[in-house]
Amino acid sequence: MRTVGLAIAASYGAFIVWMYVRQPQSVAEVTGGLTASLGAYHIDQRSFDEGLRYFRNDQFTAARLAFDRADPGHQDARTRFYIAYAFYREGWGRLYHDDMLFARGLEAVDEAIALDPRGILVIEDPDLALRSPGELKGELEAGLRSDASDLNPFSAFQRRK
Amino acid sequence: MSVAFEAFYLPLIMLTVTLLGGLRVAGRVILMPPPLFTLVLAMLLLGILVRSGALAPERLMSAARSPAANLNGLVVLIATFLASAQAFNLATPESGLPRLLFSVFLFILLLNTMAASSDRIRTLRSLAVTFGSAFVLKFIVLAAISDPVGGRLKRILLVMLEGLTLGTLTQDTFHPITGYLAFFTFVLFVVGVSLLPGRAVPSDVLRLRSHS
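Protein chains in written order, with my numbering: chain X, 1 to 161; chain S, 162 to 373.
A few of these clues could be false.
Among chain S residues calculated to face chain X with C-beta under 8 Å, some are [to be verified]:
hint	residue
1	164
2	168
3	172
4	173
5	180
6	183
7	189
8	232
9	236
10	238
What the hints contain is simulated information worked out from the structure, not anything from laboratory work. For every residue, glycine included, the Cβ atom is placed at its ideal position computed from N, Cα and C.
Input sequences plus hints: build the corresponding full structure.
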């Protein structure tokens, strides 16, 4: 009985430490995080495919909603990457970028990077010019930066990646 | 104290207080780890509990107990320490002058309780009053002052605090559920502390002897 008590207290203590470190924002994130730590987390593939379809049709809000449905626990780096990419593409403008969307994209790509600490995630998608979270983060940060290059008239000829 | 109490109920109660003590619900859910000063307050509180007989560490860890029993006792002690730190974290305002005043007030109050060398019942009563007062001040009075909309209580408090710059008092506003959770956490903590194995008082010893 004492051993069982010790095991329960140790598990509960570990759960509390995990909660304080990860700061989950919803029950879905808590359950997602716990199942991911046991290696049992899976995204909803149907919602992911749906999100991808919306993403390729430039329906970014619908795409993000579908991706969020696919990964309610915020545990899948690939889905977070696509959400960040949706923010990037929606916020990108030939003359100026939407800073709010870029900032939210940066948050999402940071989540993807945190979920892929070894940096091995590369998205093999011919539709994307930026294939890794690092590249996307660089692009988003560059978009948020205000410097002399913003005044370069040739930047209007840049293409969305 | 039964084995179930020591192995299950007490650690679970104290760990729940540890979890909920840092919980704040604003726009998002925040879990605040205990600041360093609350660790000092928690250590002082443990000292008070031992001195008053509300906690008898020898009933949790001693050479006469089995290794598993001692481990259970250690878990109870650690969980009580962490729960105390988080209870103080919950009782202290998050910023500004109120945070400083509450910290100093709690520190002096604990030193005073320690110097008074009161018994178990008085110490538990004092603990309930301390956390009850802190709850009222933080989650009712300060919350009313910090409420951007404001109600009748805010208007009364503003009249009472006329001439004082409110910028030094106002706090971040939390969702009302934070107050309800805080109340539950304080009650759970006081219940948990009152369930800790205490030192047997002379009347208990006499009763035990008469039974034997």
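I'd like to know which numbered hints this structure contradicts. Please list them from smallest to largest.
Violated: hint 10 alone.
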